[in-house]
Amino acid sequence: MSEESEGLRGIKERFGEALLAAEEADGELRLTVAAGRLTALCAYLRDEPILAFDYPADLTARDTGEQLILWYRLVSIAHNRTALLHVELSRENPAVASVTSIWPGLNWFERECFDLFGIRFPGHPDDGDPARMRILLPEDWEGHPFRRDYEPVFSGDPLHGPQERN
Amino acid sequence: MTLTTTEISSPGMTLNMGPQHPSTHGVLRLVVELDGEVIHSCRPVIGYLHRGLEKMMEARPYRQNVPFTDRLDYLASLNCNLAMAQAIERIGNVTVPERAQYIRVLLCELNRIASHLVFLGTFATDLGATTVFLYSFREREKVLDLLEAMTGARLTYNWIRAGGVAADLPEGFAEGVRAFLEEFRVALDENDRLLTGNRIFRARCEGVGVIPREMAIAYGASGPVARGSGIPYDIRRVAPYDVYDRMEFDVPVFSEGDCLARYCVRIEEMRQSARIILQCLRELPEGETTTKLPKIFKPPPGEAYSRTESPRGEFSVYLVSDGSPNPVRVHIRTPSFVHLGLLPALLPGVKVADVIAILGSLDTVLGEVDR
Numbered sequence: 001m002s003e004e005s006e007g008l009r010g011i012k013e014r015f016g017e018a019l020l021a022a023e024e025a026d027g028e029l030r031l032t033v034a035a036g037r038l039t040a041l042c043a044y045l046r047d048e049p050i051l052a053f054d055y056p057a058d059l060t061a062r063d064t065g066e067q068l069i070l071w072y073r074l075v076s077i078a079h080n081r082t083a084l085l086h087v088e089l090s091r092e093n094p095a096v097a098s099v100t101s102i103w104p105g106l107n108w109f110e111r112e113c114f115d116l117f118g119i120r121f122p123g124h125p126d127d128g129d130p131a132r133m134r135i136l137l138p139e140d141w142e143g144h145p146f147r148r149d150y151e152p153v154f155s156g157d158p159l160h161g162p163q164e165r166n
Numbered sequence: 001m002t003l004t005t006t007e008i009s010s011p012g013m014t015l016n017m018g019p020q021h022p023s024t025h026g027v028l029r030l031v032v033e034l035d036g037e038v039i040h041s042c043r044p045v046i047g048y049l050h051r052g053l054e055k056m057m058e059a060r061p062y063r064q065n066v067p068f069t070d071r072l073d074y075l076a077s078l079n080c081n082l083a084m085a086q087a088i089e090r091i092g093n094v095t096v097p098e099r100a101q102y103i104r105v106l107l108c109e110l111n112r113i114a115s116h117l118v119f120l121g122t123f124a125t126d127l128g129a130t131t132v133f134l135y136s137f138r139e140r141e142k143v144l145d146l147l148e149a150m151t152g153a154r155l156t157y158n159w160i161r162a163g164g165v166a167a168d169l170p171e172g173f174a175e176g177v178r179a180f181l182e183e184f185r186v187a188l189d190e191n192d193r194l195l196t197g198n199r200i201f202r203a204r205c206e207g208v209g210v211i212p213r214e215m216a217i218a219y220g221a222s223g224p225v226a227r228g229s230g231i232p233y234d235i236r237r238v239a240p241y242d243v244y245d246r247m248e249f250d251v252p253v254f255s256e257g258d259c260l261a262r263y264c265v266r267i268e269e270m271r272q273s274a275r276i277i278l279q280c281l282r283e284l285p286e287g288e289t290t291t292k293l294p295k296i297f298k299p300p301p302g303e304a305y306s307r308t309e310s311p312r313g314e315f316s317v318y319l320v321s322d323g324s325p326n327p328v329r330v331h332i333r334t335p336s337f338v339h340l341g342l343l344p345a346l347l348p349g350v351k352v353a354d355v356i357a358i359l360g361s362l363d364t365v366l367g368e369v370d371r
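Protein sequence lines, in the order shown, are assigned to chains D and P.
Residues 1 to 166 (the numbering used here) are what the first sequence spells out, left to right.
Residues 1 to 371 (the numbering used here) are what the second sequence spells out, left to right.
Think of the hints as simulated: they come from the structure by calculation, not from any bench.
The reader is advised that the hints may include incorrect statements.
DEER-style ranges, computed between Cβ atoms [as the list claims (entries may be wrong)]:
no.	chain 1	residue 1	chain 2	residue 2	range
1	P	S255	D	R30	27 to 37 Å
2	P	D35	D	A43	33 to 43 Å
3	D	K12	P	D192	48 to 58 Å
4	P	I296	D	D149	24 to 34 Å
5	P	P348	D	R30	35 to 45 Å
6	P	K292	D	G27	25 to 35 Å
7	P	P325	D	G27	28 to 38 Å
8	P	F137	D	K12	52 to 62 Å
9	D	D129	P	Q64	29 to 39 Å
10	P	E286	D	Q67	48 to 58 Å
Where a beta carbon is used, it is the ideal one built from N, C-alpha and C, also for glycine.
If we strip away everything but chain P, and leave its shape as in the complex, we get (with noise of 0.2 Å):
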């Protein structure tokens, strides 16, 4: 008897990932083409989340928008505060006070360590080291508390208003946040221990989802994924906001381009952030703390565009005045919006497991990629 082994050809499968599946971190919905267990193409669909959030704000007046912007990227709102606020000081020619604007940096540094360590926990869990989530979490919870403390609240501050910050810091809020900084020091050591240098997490992300340097620029990647392909382009550097400028920190950038190096930009961005908080608690200044803008506040008409570096990346507020009291053009630039762009020419060629690790790697919030 013989044996005749005969092609078997598959005409390729369609598999649907989301909108309801975990590893999507929101409503995302990626229509993969399948041979094999390999990528052939790859469409996100997205909108799931669409609220028209851009469209709300035509019809309201400017400063009842910051609140809006807490809904974009839930995991960093003060940073979506600061893109707004900013916008609205520029069109109508608002200065902040320099009190105010340390605030600003300070909560927002201590809300993107917030933001990396959910990347942090979700990041690994994906990868299946469900540890670390509970480690990055219980780190996350000391600066949720320290935020509570400062604006009541712990997901949607809303507390960077337009000419300043809505309050000053509480008493003892300084020494809070020295403490938590102590402790979050050695976190991060055991994190080094515990995750990076781990085996089987570094085959998991070593080599996988490699964005080129050209690729990242050309498809206006910002934030960690620009800088883990060799991309020294951080809003807060190239172009600087509040006191920015005055803070000494460095920007890290790993040139691989790979799931570990974006994994590291981010890790190694939260010993910077600690280091601009510590500057900013030496150097904060007496004085104001928010500029009182008129009841009624009616801009020059006319445009103002202000760019931010949120956790994620390039977050840019774009408004247009004609001189009423509400915008007539809202813009929001958002980086997860972008980066999921960056998928269909990234996939093709992936196994669908490594499609989790990269689209952690990205970490997208899709309240900000839907608007």
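Isolated chain D (complex conformation) (with noise of 0.2 Å):
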């Protein structure tokens, strides 16, 4: 068997009831993670050896109108391999752990993520303070514009921009 199907069953084993979802497709590994397990995941996805997962290229949200789904896409630079993965969230307060302390370079992709879609990070350094979490937008903006129910209020005033400020 290859190294890489090795790896798959690592996870499969050790997360095995937490895995929505696992396979493995183009050389990639796809797996779908239940928010409460997703560190742990990332930990052994970092430093298990066979897996190696120590670069964070991306990660970004959607909105399929019933939840929000996380994705992050990571790389192994040692193996040449990348793997995806999915957090599914509800959008009545959204909120999965930050991986910051995994892969530091996440940190403004979560506050992205913030901005846009209103998830919470519990665990980030900015967490809890809005102001300090938007990143894109105006600190003072109100509402997450990614969302599908977001409504735009415009003030009507060019100098103040699309919300009205008090």
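Using the hints, build the complex out of the two chains.
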């Protein structure tokens, strides 16, 4: 058996009940994990030598209308392999533990997911302070524009931008 | 009379660099806490150029999204075009004619040279060597003339489209490129004599802003920043696209991790780009330059991800389709965004004057940071 399948087997053994989906396609590991086990799985993915996903390439989210899906893309520099990690969150109070302690490079990506989708990341250095979490939008912005139900509020004054300010 | 000395404790100072500061290369604001002239902590503030491009793209048919990408990394817009075009092709299962693939690689490498020449000029200017700017922009002008002859534009090309390229090479283009590369080789050697060995330049770069290998990996650094820290990570090599797998080129890697290493990577990369361009011209096959896409292009539901190596690093586009003519989600991973995220970890302990050198060596473009 190839090394890859060995890696996948190890993940399945360890996280069996927390994995909602696990497959290998086009040489890529695709996992869907329960939000509660995310940090444990991430630490395993990074530290297990046959996986060694030490490089955080990308993190984003999308709103399907029913739920929010987080989309982590990891790279193993040593094995030149990629992994895709999905976490499904409810649209009410979405929150998932921050993985910045595992991959500090995802710090700004998590801030972006908060800014645009309103997903909270407990454990993130700026969590709990919306003004510090906002990254692309002004710190006093209200709402999260990439949510399907977002309604922009126009102040009518171009100098004030799209939102009314007090 | 006796002199007494008293300890003067300074409460520290907060310094605002930018958003209107020439050395930040755009609208970047750095809030820096200083202890004397040593940086205690740094918080980059971005978003001044945020246009919500990802959101705008959701409201438009796939192919109309390519011009937006010109406004991301405006110094290398062809590379951005390619990433988006490639994502659209993947999601719609479109194959690109071979000739178009060669032309794309050729154009992207020309654009990479132009982009690195801007880096060279601005980086040297940041460090006080203003003359280099004139030489590097003289060379860049020639690349822009070539690209203008091809696309009609000098900055926002919108030339690489989903399915291929907008049109074939104009007459005399190959000769023009060859003539330029001849002169360019001389100009690069000239630059080596002018700048690379310059003592003042080296004193400002060597050992400054060292990004250790582990840090570069954990922070997701890519492109010349990663390769300047000893990581041989180049998407053109690790996950080749178009005809890069047929090209012979080296991936320059320097292990020092300082500003000089990043500078050397880019200088060497320009030489490698020239090699790739010559191979493209030599092997360019005859044939079509585009695959016609249907007027109303509706890709099947699904996701696509395209990774490309832009002059700044890993530039990726993520597309989600629900079967309608517009994408339901577009996400663009830009290298400059990640590299600015390095600053809070990189700057503490550094002197204020070195911030300019470090920022210049990361070669960020705020258009792609803020999107």
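Results for each hint:
1. In this structure the supplied range 27 to 37 Å holds for P/S255 paired with D/R30, their Cβ-Cβ distance being about 34 Å.
2. Between P/D35 and D/A43 the Cβ separation comes to about 35 Å, which falls inside the hinted range of 33 to 43 Å.
3. In this structure the hint that D/K12 and P/D192 lie 48 to 58 Å apart at CB holds, the actual value being about 54 Å.
4. Distance hint for P/I296 and D/D149: a CB-CB separation of about 28 Å, consistent with the stated range 24 to 34 Å.
5. A hinted range of 35 to 45 Å for the beta carbons of P/P348 and D/R30 is consistent with their spacing of about 38 Å.
6. A hinted range of 25 to 35 Å for the beta carbons of P/K292 and D/G27 is consistent with their spacing of about 31 Å.
7. Checked against the hint of 28 to 38 Å, the pair P/P325 and D/G27 passes, with Cβ atoms roughly 31 Å apart.
8. For P/F137 paired with D/K12, a C-beta distance near 56 Å keeps the hint of 52 to 62 Å intact.
9. For the pair D/D129 and P/Q64, the supplied restraint of 29 to 39 Å holds, since their beta-carbon distance comes to about 38 Å.
10. At roughly 50 Å, the beta-carbon separation of P/E286 and D/Q67 lies within the given 48 to 58 Å, and the hint holds.
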